[in-house]
Structures are given as C-alpha cells and as structure tokens.
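A.B. asks: Guided by the hints, dock chain B onto chain A, whose structure is given.
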Amino acid sequence: MTFSQLAYHNIVRNKRMYAAHFWSSAFSVLMFFTYALLLFHPDLDSELASSSVTMSLLGTMGLRVSQVLLVIFSFFFILYSVGSFLKTRNKEFGILMMHGMSHRQFRNLVFIENMLIGCAASMTGIAIGLLFSKFILAMISKLLAIDNGLSFYVPVQAVVTTLAAFLVLFVLISLVTSRMVRVNRLIDLLKGSEKPKPDPQASVWLSLLAILLIGAGYMTVFSFATGLSYSLIVLMTGVVLVVVGTYFLFTQLSVYVMRALKRKERMYFKKTNLLTISELAYRLKDNAKLFFIVAVISAVAFTAIGTCTAIGHQGLAEMTNPYAFTYYSYKGNEREAEHAAEIKKRLDEANVSYREASAALKYAGNDLTFMKLSDYNNMAAALGYETETLTQDNEAFVVPTSVYQERIYSNQGAVDEVQLTEGKTKMAFQLIKAASHQVLPQDYGIIQLVVVSDSMYDKLPDNDREGGASYTVHGFVVDHWEKAGAVTDKLMTFFYPENKNNYEEGAFSFVALYPQWVMAKQANGLLLLVSVLIGVVFFTFAASFLYFRLYTDRERDQQQVELLSKIGLTRKELHQVVTRQLLIMFFLPIVVAVIHSGVAFTALQQLVHFSVGKSTLTVLASFFAVQIVYFLIIRWRYLRQLQKAMV
Amino acid sequence: MSMVEIKDISKTYAGKISYEALSHINVSIAEGEFVGIMGPSGSGKTTLMNMIATIDAPTSGEVLIHGSNPFHLSSEKLAIFRRRELGFVFQAFNLLGTLTVKENIVLPLTLDGVSVEELNRKVEAIAEKLGITTILHKRTYEISGGQAQRAAIARAIIHRPKLLLADEPTGNLDSKASRDVMETMSKLNKEDGTTMMLVTHDAMAASYCDRVVFIKDGRLHHEISRSDNQHIFMRNIMDVLSVLGGNRDDLFTVGLS
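Those protein sequences? They're chains A and B, same order as listed.
If you read the first sequence in the UniProt record's numbering, its first letter stands for residue 1, the second for the next number, and so on.
If you read the second sequence in the UniProt record's numbering, its first letter stands for residue 1, the second for the next number, and so on.
Pulled out of the complex, with its shape left as it was, chain B reads as follows:
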C-alpha cells in the first residue's frame, strides 16, 4: 500500500474571480520514498503540500494517508494524527521564539505527554545525529539559519513520523547550509525509512529525491525518476524546468558542486 495517495484533487479559491489553484491532481507516494514537487512560482506546489499536511482542505477529490482520509477524523483525532504521524519543515523555520531550541524540538512529545526521561533521551540522540547538540539551550534568535532549519527538522522527526513534509526547507539558506540540510534529510530517509515529500524550486535540493513531480498552472506536467548519478539527475531536472518556463533565478539558485 502506498503511503500517500492523492486522488483527483482540485482546489478552487472562491472570490470575485474564482481561481483554480489545483486541478485534478493524482500522485501516489510509496512507503520510504523521497518525492520532490517542483514547478514555477504560483504553480500550486505549496497548495498541494498543504492538502497533504491537513492544513487546507481540497475542494474536490481526496487525500489518503495510509489508506485513510484525515479530513474524516474528528478534530481531536486529527490533532493526535498530526502529532504522531506527520512532521513538518517550513521555509521560515517556524520555531517558537518563546522557547529554547531544545524546547522547540521536544514540542510534539510534550503535547503527547511523553515522560521527561524519554524526552531527554530522544532529544540528545537526535541532536547528535543532526549536529546541533551545542545549541540546544540557546534561544531561537541566537542561532544561524542553517542551525534553525536543522532544529526544525529535529522537531519534525523526533516523534518518528511516518511522513515528513518539507516546504522549501532550503529557501532561506545559503548553498552550504542547503546542502547540509538536504544531506540530513536524505540520511534520515535512507537510514530510518521515513517517507518524505519535498516542495522546492531549487534543483540542487530536488536532486536528493528519488522522484520529482513537476506541476504547472495547477496541473500535473511531468515526472522524472532518479538514476544512479545525482549530477545527471540534477541536469535532467533543470532541463525539465527550462521547458516549464519560469524564472532563470528559479533554476540557478545554487551552482553545481
């Protein structure tokens, strides 16, 4: 059974002029797969991600995660579903300013009422893995963007979610920090088998995926899978992007290493 099953979803924003952000999208993500979603600005990438993240509801169609539709859950159960099954990484990190790095990371466990001992053990293990042990007791305004994003990733995976969703995680980072973050994610995918979905317009970041789905103007456009070589995959991604159109800046945010 696939991890995520997107079945014919559409999203229309009602207004003076209704606007169809997504139109009849079908995507399926297998367990343990790392899927990237790309497209020019305004193509509907983030909208699609929000539907899977249960942040926003589709106008028609349905999203099945592990075979069930989270929108059918009661609000209480939906909260518990998010808490245990999903992890999120945002472009803007979205760490809470009132908490320390460590407190931010343990947030999903705290909400779930996990004991302090277990919580401390987990946070140490994950900090070690992501190389952020030294900043655990700092406040969010004292750390760099790359550190903040790694802290956000730690928060997204500390509860071992079945599905990790990342919306432009490298969008606010320089090339070095971007590569660190992507290496981290890739490692998590390989070692822990976490299913991942990544929205990005950065070809370098997308080249870490197993498969990249392209959308344009709310419709599915193209799909390519990774061969063995990451560099070739990145070249292929960039070829598709240039066919798709959009900004040159979208293509060359990061050079080849």
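For reference, chain A alone in the conformation it holds in the complex:
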C-alpha cells in the first residue's frame, strides 16, 4: 500500500459517507455546465437578438453573473461539507498521527482525497449534463420563448470551461481544508467528540423577541404593500426585522419550546416522547444556525422564483394594456376606417374571435382629457367590466390610466369636482366616483381621464396642441391573445412593412401585446432561469447540509440505539422516534421559509391585479414535493444504519 492508495481506500471504502458530498458537488457542476451550455450555444445569441439586442446582452450578462455566483456558493458549500466530514474523522487522524504521520503528509492526504472526489464529481456532473443536454436545451428554449428552438450541439467549450472552473475550485478547497484541522494536540484528536454537551439553554426574553420581531417585520412589509408607506427603506427594514427574528426563532424560541415541553411531565414521560424531545432539544440547538440559514435562503429562493413566474405571467402585460391589439388614430389620419376594417378582416381570416371597442379622447385643457359615456361603456363591455350611467349633465367620473393611479384612486377616492376654465368656456363637473379599472392602455400622457355624458362631450372645446392630445383608440380584446402570434406578425408587417419593431410617429400607430409579452417573457425567462437554477442549487445544498449533520452524529447515535435496544426499545418505536425527529429537522426550516415567502407573496398580490396564487402554489408545492422525497430517502438510509446497531 502506497500513500496515495491510503487516500484512495479512505474514500472508496467510505462511499456511503462521501455519497451526499459527492452528489451535491456533482450537482453544482451540472448546474454550472447547464449555464455554460447556454452561454456558448451558437444560436442563443442570434435567437435572442431577433427579439431585441438588449435581450441578448441581458442573456449573456445574466448567465455570466449566475455562473460566478454559482462558483462562489459552491465553494462555501463544498468547504462546509468537507469541513464537517473532517471533524468526524478526528480520531482516525489521531491514530495516523500516532503512527508518525507528519503535518505535511496529513495535508497531502486531505488534498489527495479532496482532489479525487472533486475530479470524480466534475466528470460525473459533466457526463450527466451531456447526456441530458438535448432535453435541457428543449426546456430552456420553451422557457425563453425561442420560436425556432435551440439545436443540439457538441459543447466542447462548455465542457472545457466547466472542467477548468471546478478543477480550480477543488484545488482551492483542498488547499483550504487541509489546513482546517488543528493537529497540535494529539490527545484532543484522539478523544474526538466524546465530550458530553451541556444542556441546551434558551432565554425567555429572546424567545419573545423572536415573535415580536417577525410580527413587526410582517407588518412593515404589509404597510409597504398596501401603500401606507411607499419607500424602499421601509421594505428593507421589514426584511431585516424578519431575518433577525428568524435567527432568534431558531436559536432561542425552538430550544425554549423544547424545554417547556420537558416540564410538562404528563406529556414528556409518555412513551417515546422522552426520547424524541430530549434528542430534539440537542439537535435543534446544535443545528440552529444551519436551520436559520436554510430557512432564510429558501425563503429568498421561493420568493425570487415566485416573483419571476408572476412577472412572466401574461396577466402582467394585460395589466398595462388590456387590449391584444390597439390602433391609435391621430388628427389628420384619413385611413382610420380602412385600417380598422383591415384589422377585423385579418382577425376573422385567422379565426381569432375578438371584441372591439373604440373611444375618442378629447383634451380640453387644465390637464383634463375627456371621454364619452357611450364610448366608456362600449370599452367596459368589451373588457367585461360593469357599465356606468350618469343621471345629470354636470355629473362625471374619473377613470385611472395607470396602475399607479388605480391604487391612488382606490385608496383616496377622486376629488369631488373638476373645473375647466379654458378661454371663454367655464365648466364644472361633479365627480360621482372613480372607476375601478383602466379601460385604456396605460398612458402617462393623460393626467386625468374624465367620463362625461355624450351631449356634454360634444360641447367641450378641443385643445389638442396644449400639452395634451386628442385621439381615437380602437381596442381589440382577444381572450387568448398569447396564442395569436401568427396573425400578430402579419398585422405588424401590414402596418410597418419596413421594420416591424419600429413604432414611428405618424398619423396612426398600431400596438400589439404579443411581441411586448414575448420580450417580457424572455427577459423574465432569463431571470427565472437564473433564479430557479440558483434556487434549486441552494435548496439541494441546504438539504445536503442536514444529511451531513446526521452523518456527523452517526456514531454517537448508533451507540445510543444499541443501548436503547438493550433496554428494550422496539424497532417500531425507533422508527417513530427517528421519523418525528427528522420531520422536524427537515420541515421546520422549510415551513418557516414558506410562511415568510407566503407573506411576501401576499404583499406582492397587493401590488398587482392578476392572481399570483397559482404560480406561487406551483413553486412552493414543487419544492415541498422535492423535500418530501429527500426526507424519505434520508430517513430510509438513516434508519437502516441505526437498525444495524440494534441487538
């Protein structure tokens, strides 16, 4: 046996111990490889560039940034996992030292071991990535709404970059970890982790503080979302409060609850509760910081992914423009009727069902733009809102023209009266209400949109040139416009034969939701891609940390189980105790993360109109499902190990 064989045997004969470490490392390699696969894809740039140049730049930047982030996180993650394994091997190192292993040899041993695992993990990650690259590319082209799809290619550059990045990373890790174990006092190494731990303590006040901080944080976030205070500082304060509160929740409150449970003797001394609770108290205290990090990271990942899926939702595009197609006709446009007819004809040809409504807007001065009641009702009907009536000529109501105005109106209501003093005309309208929905595409040029009766509208002066505009809007509502890509293309080419993306100033303009949505979707698809992949990596790391912790305590647990089984603990009872402990260890941080991100989503809901519930639930449910699978696998492995110790 040579020295390197010793290192090799240490790993190969300890496969199970290194499995979680190995697979998590391979997984982060796979994620990095996926990014590289995209980044170096020959078609991706041009495909994204066909939507817009900015998009392709954003794509490249996004992928680069996430690669860097990924490498940084992987570094700390792998460092932690290697560190926790080294700790379990203190005694082994002690024995080796006693037989004359020098510091230098020790560092070499750790270095070789790490490099072996690192190389194997890199190879495995890349191999899996290559195997599934076709599938990965297909998924991503769907996510990024790339019409032609991404073709399969041989990603030589991606393989080389990934290999290089992770080899450097593993060399660094190996260098750092081999210096982590303090080998000055042999006797400490030999005694290992035999020292008994002190009874976990918790403070009542800090436990209360945890609840208070989290409560205050939630309230702050809500006050931001409901518009009571509209400043980013408020939002940040809320987040910080919740994070600090969560820290105390895990370090103090959880331990305090366990102590309180111990005092309830009737419950504590009932069957296996004694074992479950006394063990949990130690485990919660030992892993408090880990749980805290897992909870916060998961909450951030959930919220980020949920927000990105919400932004990609077509509802967000509809929020700013409810019409699939909008045709604006300005003064002097002679082809308005002809164009409107053309749009209808094309839509009919394409078998797209639609509801059309048009409205003429008149700018009368004093920052006031007017609309006829009959026009408003047509539009409201087309959009599926309630129609309105005005009983008297001097009555009117306002309609929001932006999401921001909508919030203002719904919070404060409209001013009671508007007055128009323009030249010789002096008119006043009594405002009876504010409409709850926009009926026009978002237009910041309109300061206040007032709906008046048809007869009054005709009497209003037209002051088109003074800072406001009078124009006619033709809106076409299409229920499933996101599927109307083909006809959109034709219409765009019809109106703008030279350059379909060029909205020139002219007597008319034509706007379609579809290309805007595609662009937003690509932007968010990239964001989503970045956040999902990084979120998933985080999540895997978090779950692996738990496995490492269990593995670190394995020997002690086995001794305990052996002892307990001698006293007469049945197999079934062992299952019960372990299941309960693991349930809490696996799901307590996740449940806290879900509650946190749930609050974040509820707050988000206040800011937008369509429901974010569905995308939120999908995100949370899929993470939960993964966690359940992970829980079952680890419980199975852990139980199998403990059962070996049973007599």
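Source of the hints: derived by calculation from the structure; they are not laboratory data.
Be careful, since some hints might not be right.
Computed spacing ranges between beta-carbons, pair by pair [what the hints assert, rightly or not]:
id, chain 1, residue 1, chain 2, residue 2, range
1, A, Met267, B, Asp174, 40 to 48 Å
2, A, Gln5, B, Ala92, 43 to 51 Å
3, B, Ser10, A, Met267, 35 to 43 Å
Just a few of them, taken from the derived set where beta-carbon distance is under 7 Å, the chain B residues facing chain A [said to hold, decoys possible]:
id, residue
4, Gly42
5, Ile55
6, Leu73
7, Ser75
8, Phe88
9, Asn94
10, Leu99
11, Leu107
12, Lys176
13, Asp180
14, Thr184
Ideal Cβ positions, reconstructed from N, Cα and C, are used throughout, including at glycine.
C.D. replies: Frame of chain A; chain B shown alone:
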C-alpha cells in the same frame, strides 16, 4: 543509558477546580526492559503513558527517550520520531475501519515511504510470528477482538520500534485472548529486545513484566520486581493491589491458570 527517563513530571488539568493528575513522578526504564504500570482507576496510569507517547505534554518536568526530549522536536521531526522509534497498542485496538488488516499493519512503513517489496516481506514475517496470516486480507469488522489486538501489535512493531507502549491491551479481551496477547508481547521482548511499557489493571497481564510500578492518586506508590516464578510474582502484585485499594473487579478479572 536508560531507554526512558521520566524526570519529576507533573500534570495539572486546569479548570474550575484544577486537578493534579500526576505529581512529581520519577521512573526510569532500561533498554530491553518490560515495565508494567498499575494502579486503581483514575490513578494517572494512562496520563503517564500519554506523556511518554508524546500524545500529551507534561505541565512540569521532562521525559527523555534515549536521552532526548521529544517535545523539543519540531512537529515534522516529532512525526518521524513517532514513526520510527515508537509503537502503540491501545485497549480499543484503534485499527482504521477503512483499511484491511494488512493495510493497517503496514501503515507506519507506508508513511515512511518504504518500498512495496520490503513492506510485503515484513508484513508476512510478522504475521507468521503473531499467527494472523489467514486474516491479513480481511477488513477490521470481520475479525475477533484477540485477532484485532494481535493485528494492532503487529502494526506497533512492524517498524521495529525502540519502545513499545501498550495501554490496557488486554482490557477488551477474554482470558484466553489476553494470555495470547501477553505471550506475544513477552516473546517480542525476549527475542527482539524491544523495550516495553504496559499500562494495565490486570494482574495476570502485569505478571509478564520484569518490573511493576504502582501509582496511586498521581503519586508513585510502590515498585516490585519479578523473581523467577511468574505465579509468585502475580501473587505479589495482587497483594500490593489489595493494599492500594480499589475495586475487587480490578484484581480478579482473570483467575490463575
């Protein structure tokens, strides 16, 4: 020159209540001698052994091995000193679970960069001597306690150390296995002239020594040397132990053969 020279060593564990585990101990072990150290539980036997083994440093006083103080060596030189001059046998065997019996035995040679041919030759010779040839390729969980301890002894002597230190080597073994292990050690002492130091509370094991040093409460208490008859020596040891006090279990773990 004596092999080991323990000069006035004391060991104090600092803490809320400082505790003096060893107090002004002086012992010297001649080359080729087989010395036993006995005493009740908690008397400081293992602490003393750890000082000689360079695992733990004394608070005051010094340990000289072959006239030099190993604690003055650099960590690199200390490692090489352990590798070449010392051999250890523990109560808990301390074989590495990831290695086979053979790999465990050759460990000190591997660390020293000895060639594979020489290493194989040595391991075969030593396995023959200790009667463990058949288990060389087994993993540590596949062998019995007596076999494990003999493997551990093989590992401790394969590099022909000048000093072999054994901490309760029979502590985990039954009487038959204990006797086998002690016979093995005694044979090594006689045939190879290896200096040995044995910490034990087993009078049968101690009766294989040339001389037994008794300590109690961290202080040197008594010392007896072996006459010709091992049985008489064992009787004497037990007499001293009963004067020293301690558990009856300490005295009668193994009956007379």
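A.B. asks: With reference to the structure, classify each hint as holding or not holding.
C.D. replies: Verification of the supplied hints:
1. Checked against the given bound of 40 to 48 Å, the beta carbons of Met267(A) and Asp174(B), roughly 46 Å apart, stay inside it.
2. Separation of Gln5(A) from Ala92(B) is about 25 Å and departs from the stated range, judged on CB atoms against 43 to 51 Å.
3. Distance hint check for Ser10(B) and Met267(A): the Cβ-Cβ separation is about 52 Å, which falls outside the suggested range of 35 to 43 Å.
4. About 16 Å separates the beta-carbon of Gly42(B) from the nearest beta-carbon of chain A, more than 7 Å, and the hint is not met.
5. At its closest, the beta carbon of Ile55(B) sits 4 Å from a beta carbon of chain A; the interface hint therefore holds under the 7 Å criterion.
6. For Leu73(B), the interface hint is violated, since its Cβ never comes within 7 Å of a Cβ in chain A; the closest pair sits about 11 Å apart.
7. The criterion of a C-beta within 7 Å of any C-beta in chain A is met by Ser75(B), whose closest approach is roughly 5 Å, and the hint holds.
8. Here the hint on Phe88(B) is kept, as its CB sits about 5 Å from the closest CB of chain A, short of 7 Å.
9. At about 5 Å, the closest approach between the beta carbon of Asn94(B) and any beta carbon in chain A falls short of 7 Å, and the interface hint on this residue holds.
10. A cut of 7 Å between beta carbons decides the hint on Leu99(B): the least distance to chain A is about 6 Å, and the hint holds.
11. Against a cut-off of 7 Å between C-beta atoms, the interface hint on Leu107(B) holds, since the closest Cβ of chain A lies about 5 Å away.
12. Contact between Lys176(B) and chain A, as hinted, is not supported at the beta carbon level, the nearest pair being about 24 Å apart and thus beyond 7 Å.
13. A hinted interface residue such as Asp180(B) counts as satisfied when its beta carbon comes closer than 7 Å to some beta carbon of chain A; here the least separation is about 23 Å, so the hint is violated.
14. At about 19 Å, the closest approach between the beta carbon of Thr184(B) and any beta carbon in chain A exceeds 7 Å, and the interface hint on this residue is violated.
The structure shown violates the earlier hints numbered 2, 3, 4, 6, 12, 13 and 14.
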